[in-house]
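Q: Read off the chains here:
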Amino acid sequence: MKRLYTLLSVLVLASMALAACGGAPTEAPATEAPATEAPATEAPATEMPATEAPAGDLGTIKIATQSPLSGGQSLLGVAIKQGAELALEQLGGDLTAMGYDVQLAPYDDQATPDVGVANAKNIVADSEILCGVGHLNSGVMIPSSEEYHTAGLAFVSPANTNPVVTTRGYLEVNRVVGRDDVQAPAAEEYAFTTLGAKTVYVIHDKTAYGQGVAEFFRTAAEEDGIEVVAFEGTEETSNFDAIVTPLVAANPDVVFFAGIYNQAGVFFKQAREGGYEGTFLGTDGMDSSDLAELAGDALTAGGGMAYTTVAGPVSAYPAAATFAADYEAKFGAAPEAYAAQAYDSMGVCLTAIKNAAEAAGGTPTRTQVAEAIRALTYEGLTSTIAFDEIGDLPTAKYFIIKVNATSADTWNTNEIIDSFDLPSPGK
Amino acid sequence: MKQFTSNPFYKFILFPIGQMAVFVLGASLALSVLIILLAYIFRSSITANFDLVERTLLILPQVLINGITIGFVYATIALGYTMVYGVLEFINFSHSEIFMVGGIVGVELMAYFDHTGALETMNQYVVIALAVLLAMIISGTLAVTIERVAYKPLRNAPRLVPLISAIGMSFFLQDAVRLILSLTTGEFNVILPNFGTFDEFLVLAVPGIEAPLRFQIKSMLLIGVAVVMLVGLNFLVNGTKIGKAIRAVAQDRPSASLMGINVNLIISITFLVGGALGGAAGVLFALKVTRLDPFVGFFPGLKAFTAAVLGGIGNLTGALLGGLVLGLLESFGASYLSIFTNGAFGAEYKDILAFAVLILVLILRPSGLLGQTVAQKA
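Just so you know, the sequences run in chain order S and G. Counting the first sequence from 1 gives a position; the working numbering is that position plus 4. Position 111 of the second sequence, counted from 1, bears residue number 109 in the working numbering, the numbering being contiguous throughout.
Honestly, the hints are just simulated from the structure, not real lab data. Note that the Cβ used here is the ideal one computed from N, Cα and C, for glycine as well. There could be a bad hint or two in this list.
What the hints assert, rightly or not - EDC-like cross-link-like pairs, simulated, lysine to aspartate or glutamate; straight-line CA separation at most 16 Å: (1) 401/S x 375/S; (2) 216/G x 185/G; (3) 210/S x 346/G; (4) 216/G x 277/S; (5) 210/S x 236/S; (6) 202/S x 228/S.
What the hints assert, rightly or not - What follows is a set of in silico ranges between Cβ atoms, one per label pair, in the way DEER data are often shown: (7) 31/G x 150/S: 50 to 56 Å; (8) 20/G x 306/S: 35 to 41 Å; (9) 329/S x 183/G: 46 to 52 Å; (10) 17/G x 420/S: 43 to 49 Å; (11) 115/G x 62/S: 23 to 29 Å.
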């Protein structure tokens, strides 16, 4: 009997340790970062000598990042973290010179709202964090930003496109990219005029982002008289038989997938195997080289594949050439989508903290930082950033990109068909 | 009839294959008739720009093939649940992770062949055979190890305790695999390399039917391998001394032990066989869906567990029937719900339909389709 108790207690301890690894937000970044990318651990070491001299005199300022660092969307999430990390290293000098020790506090939201909110509670509890960069997923950003709003902590989003992110009118929430209620109609316009689509099959991933995009697309399609033959939501990530069979039978001109690449890639491949020959269309969630890794030839076969995005390839931004080279030198891979936007978001944070610190004549409060973000005009890599009264860019850039890649290495051969600046629809 | 049942060829090869054929045809036919009837009934009430009956018939062959394919995957996994339940009377929830490990091991082997360039020169069926074999060995060994570490010390504990241990094991394996993958390849997704002719179709033009029937080679391979394994399992359990011992332990462990059966060894063998089947199913599943990740086992595992319950848990034939019925139900639900409801209910509701049927079956037959009501063991 005694042996049994010993075993049971060992088991309980083991499962507690397990739970800590799996879900606990504070543990996640610390344990994950070294595992996912080795350079991350080296970064502070190489950075230290430069910042050492006056560092710590006035205390520590931390800037948080929240993005999926593990799981199926980690490629984009890690790119956000790394873009922010590079910006902190290159642009943090002003604050260091003022006597602050500036640090990055990366958090892994696992692309899951629950984890994002739990992390957000930790972030707002850390009084040294004055600004944040994140998230990747609108569905995670929206609930997490309620926490930021309550605590008055400003966040700059490099990637969230769902309108609700800013239309709540929170002072603390800003984004450096466009919106889905502009992006999805742009995709529909492309389907209607360029592709001449008459029938479209809409699939979304049941997240705030995917379903939002899908609904904007459907509304626009119905206005133009395109027949929406189906409007499906699915969380499936491996076996898409159930959707492919009716899809092939309906044989629409265009399949619009509103979701993220890790799901879409598998679906595109299975749809082509099932015999679908039309065109795939998506939005900025498709913009990852992993899409080509997953879908392979399916992207160029038949009618091919195109997507709209709010974050064009780095080559589309003239100011970002040095950034791309530095990023590749530091992390050993070309920047994925949103890395440059994360760099700009971090730049906004740093500049705002500096402005607020100068105005306050000491360490600023979170509210002062949030107000400084709304007041500044920042010359970023991707655009000149100045926020309107709800935290959107007054005009944002949108791209339509045709995929020519069939593997991850050739992702940069994708071709920009069109790009345009469109005004933000406001509240 | 007598000479049929005594001849081992009939008993162990023809009979189980015949049984599978009856299950497949029976379930397919029943659902097809039902759906065609429904199509005629609702034909006039649906205002779509296509004819409901025509559309139903057009996709029916593909729906059946999809359902049978995924049904065999469920059946192969379900056998692992049902065998363990048979001997130990608890649900081995870590079985879905054994399935996942098998799949990842198999795909990584193929990726290794791809990396060394051997994939292009090797016969594609040899590659699959090697991957399945390796997955069976690794998954089988893993299952035995898990039993030794996590279940054996708890064998005399209340029945809920090993169940919790199994759930813990399941989480542990998911994160362990994730950790190993991120340390070795740094990738979350495990992607099947492109090789061979598995994606191609065998096209059968049937006179009188407009759309030709398209059988994807990998679906047929999957069904073929599953059938071979199920026949092998049937032989092992019903035709060998080990099988006799397994059945004896399942019926009455203390008495089996008194009769000189090494109960621990038999339990290990049960886990070995169940795990190996799960591992093989993992590779077949990977071949079909082309992408795996450390969390991919959860849903197929849950469905297979459901299939085992639907068929009557503890009953091997029941697991096979349950898997096929669930696979077909899901396929029918997913493909026809949206057409019949004019888009109001999409494919996302397929599980609700499948599980509604499950609940109905269990209300009418609480012990499952083929289960017998056994008195609760002390």
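Q: What hints, given by number in increasing order, does this structure fail?
A: 1, 2, 9, 10 and 11
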